[in-house]
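> The task is simple: from the sequences and hints, build the whole structure.
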Amino acid sequence: MRQQQRRVGSRRGLVASAVAGSLAASALGVVGVVGTAGPAAAAGGETIEVDLGQATGAFRGGASGGLYALSDEGVPSQSVVNGARITNVSQKSPDGEQHPNGDALEVERSFFAGAGEDMYVYLQDDYPDWPYHGGVRPGDEDGDGSWDYLDVVRTAVEKVATTSAHPEAYVFIPFNEPDGQWYQDWGAMRDRFLADWTATYDVIQDVYAAHGLGHARVGGPGDAVWHEDRTRDLLTYASAQDEMPDVFVFHVLQDWSLDQFRSNMATYRGILDGLGEPEVPVNVTEYGLSNDMGTPAYLLQWMSVLEDEKVDAQTAYWNYAGNLDDNSSRTNGANPGWWLLKWYGDLAGSDTVEVTPPVLNRLRSLQAIATVDRDDREATVLVGGSTQDITVDVSGVDAVTFGGRLHVQVRAARLNGKEGDTLEPPVVLAQDVDVVDGAVSVTIRTRSTPPPTRCGSRRWPPRRCRSPRRSSTPRRPRTPRWPAPRSTPTTTTSPGSCPPRPVVTWAGSTTPPRP
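First residue of the sequence shown: 26, per my numbering; consecutive thereafter.
FYI, nobody ran anything at the bench for these hints, they're computed from the structure.
All values reported here derive from a predicted model rather than from experimental measurement.
Cβ coordinates follow ideal geometry from the N, Cα and C atoms, glycine included.
The reader is advised that the hints may include incorrect statements.
[As the list claims (entries may be wrong)] Pairwise CB distance ranges (calculated):
(1) T426 <-> A373: 15 to 21 Å
(2) G82 <-> A265: 29 to 35 Å
(3) S288 <-> A235: 21 to 27 Å
(4) D400 <-> T223: 43 to 49 Å
(5) P163 <-> H240: 23 to 29 Å
(6) T223 <-> H252: 28 to 34 Å
(7) A138 <-> G212: 43 to 49 Å
(8) D400 <-> D176: 51 to 57 Å
(9) T81 <-> E166: 47 to 53 Å
[To be verified] Cut-off 25 Å, straight-line C-alpha distance, at most; resulting in silico cross-link-like pairs (DMTMM-like, lysine to aspartate or glutamate):
(10) K335 <-> D254
(11) K367 <-> D76
(12) K335 <-> D398
(13) K184 <-> D97
(14) K184 <-> D173
(15) K184 <-> D216
(16) K184 <-> E142
(17) K184 <-> D169
(18) K367 <-> D446
(19) K367 <-> E98
(20) K184 <-> D167
(21) K184 <-> D154
(22) K335 <-> E302
(23) K184 <-> D165
(24) K367 <-> E74
Rendered as structure tokens:
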């Protein structure tokens with residue numbers, strides 16, 4: 026997706042916090058994740074179950090990537106990139122005109138200096154307009170007998186092959202959302218797309234071969250939504266032509282697409298099995314809604330599904346490049362979304378375990394990611410997404426690993442806006458818990474009082490904030506700044522204006538009641 030106009034005044038992205046608990050052997054310190062904790066849960070709370078004895082695989086940690094997450098060298102800062110443990114990003118084609126920055130070659134140093142593993146490139150970003158080339162497939166406009174887009178592909182790949190310090194780590198995406206442009210009518214354009222897949226695939230391989238770089242990785246199809254027919258047709262064709270994508274790429278940008286993600290992945294793997302092909306890794310190179318960004322509990326609902334399926338994924342780009350898609354506070358600060366990325370990345374080296382939420386495959390619901398690190402005798406649960414008190418029932422607590430008593434610690438990541446600086450979230454619950462029959466239970470209580478209003482009042486419904494004077498002059502709409510500023514932001518409040526809204530009181534990634 027391209028840059029979208031920000032909805033000034035929208036509150037949806039500003040009214041949730043997330044909650045997290047963590048468990049560990051009593052001799053160890055631990056980190057938790059998102060919300061506010063308290064004593065026993067009130068009636069009507071929600072329960073999520075974690076079974077430490079049922080491993081579901083090695084922690085993958087690939088769901089923290091981002092589209093145009095980086096904009097320039099040092100933007101965002103190296104500490105922000107390293108702390109979030111970003112393993113994969115998609116960036117603009119070298120010297121492409123789609124955006125003024127975000128060039129893959131310009132940001133690769135800082136990316137690979139951190140946890141960076143895979144640099145994806147949107148090759149169509151050479152075009153300045155969106156949809157690309159007016160949304161219409163280019164032809165042979167210069168009359169040289171060759172498809173014009175092949176020159177675009179060749180030039181971009183050549184720059185990577187001859188300039189990059191890590192050409193083996195690049196993945197080239199020749200088509201971005203082809204189902205929305207160039208090849209919308211699959212019935213009429215199917216054969217054209219498949220032929221174009223071969224043409225672009227061959228050019229990419231030819232360039233790398235000419236420089237002795239071996240196989241170049243190619244990602245596709247890059248559809249804006251999941252299409253079983255397009256997927257089956259491409260994989261069947263590519264298998265026969267020995268041109269399989271090295272990474273299967275598509276986007277998950279609608280709320281209903283999360284509901285269907287697990288079943289779509291099962292269908293995808295079934296297609297590969299039917300073709301006799303080994304599993305091709307998946308990267309969802311754009312996921313999430315605009316108001317999910319910077320909101321830990323909303324992000325966690327996506328990340329829990331992606332981690333369950335062991336796929337890589339990148340948050341969608343909605344505002345401007347260089348702030349991890351609204352998951353950092355400008356250039357050198359952490360917002361609540363960044364803390365979730367950090368805690369998620371800190372799980373590296375552990376094993377995920379079985380989680381049973383109240384309901385699967387539903388946006389805006391209680392979800393979790395849980396892991397065990399037996400070497401460190403530590404278990405961690407990232408949990409959030411409920412407006413009610415949350416009870417985390419943990420079973421399968423191995424006495425050999427954890428002993429008979431655990432130290433439990435919960436931290437709260439409190440939402441304060443996408444650009445609000447957030448210091449290290451405080452410990453809100455720390456206690457020792459006896460293990461009974463291999464199980465413990467932790468309750469994270471939501472605050473029963475009404476949430477604060479924009480002006481900090483506890484009155485609900487919220488009162489209106491008073492302005493020092495009235496004016497008939499309409500407000501000038503706010504426009505996103507590009508690139509992200511290079512200094513850590515400070516918060517200022519003009520006379521008579523509302524102070525920043527302290528959304529800190531209701532745990533469980535809750536949404537306050539509507540007035």
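> Each hint: holds or not?
A quick look at each hint next to the structure:
1. T426 <-> A373: 15 to 21 Å: holds (19 Å)
2. G82 <-> A265: 29 to 35 Å: holds (31 Å)
3. S288 <-> A235: 21 to 27 Å: violated (42 Å)
4. D400 <-> T223: 43 to 49 Å: Given a distance of about 47 Å, which is inside 43 to 49 Å, the answer is holds.
5. P163 <-> H240: 23 to 29 Å: Given a distance of about 27 Å, which is inside 23 to 29 Å, the answer is holds.
6. T223 <-> H252: 28 to 34 Å: For T223 and H252 the Cβ distance comes to about 20 Å; the hint is violated.
7. A138 <-> G212: 43 to 49 Å: Once the Cβ atoms are compared, 47 Å apart, the range 43 to 49 Å for G212 and A138 holds.
8. D400 <-> D176: 51 to 57 Å: About 52 Å separates the Cβ atoms of D400 and D176, which means 51 to 57 Å holds.
9. T81 <-> E166: 47 to 53 Å: For E166 against T81, whose Cβ atoms are near 52 Å apart, the range 47 to 53 Å holds.
10. K335 <-> D254: It holds: about 23 Å lies between the C-alpha atoms, which stays within 25 Å.
11. K367 <-> D76: Holds: K367 and D76 sit about 23 Å apart, inside 25 Å.
12. K335 <-> D398: Cα-Cα ~18 Å, so holds.
13. K184 <-> D97: holds (18 Å)
14. K184 <-> D173: holds (18 Å)
15. K184 <-> D216: violated (30 Å)
16. K184 <-> E142: Judged against 25 Å, a Cα distance of about 19 Å means the pair holds.
17. K184 <-> D169: holds (22 Å)
18. K367 <-> D446: Measuring from Cα to Cα gives roughly 15 Å; hence the hint holds.
19. K367 <-> E98: holds (21 Å)
20. K184 <-> D167: Distance ~22 Å between K184 and D167 Cα, so the pair holds.
21. K184 <-> D154: holds (22 Å)
22. K335 <-> E302: holds (18 Å)
23. K184 <-> D165: holds (23 Å)
24. K367 <-> E74: Holds - the C-alpha atoms of E74 and K367 are around 23 Å apart, at most 25 Å.
Hint violations for this structure: numbers 3, 6, 15, all remaining hints satisfied.
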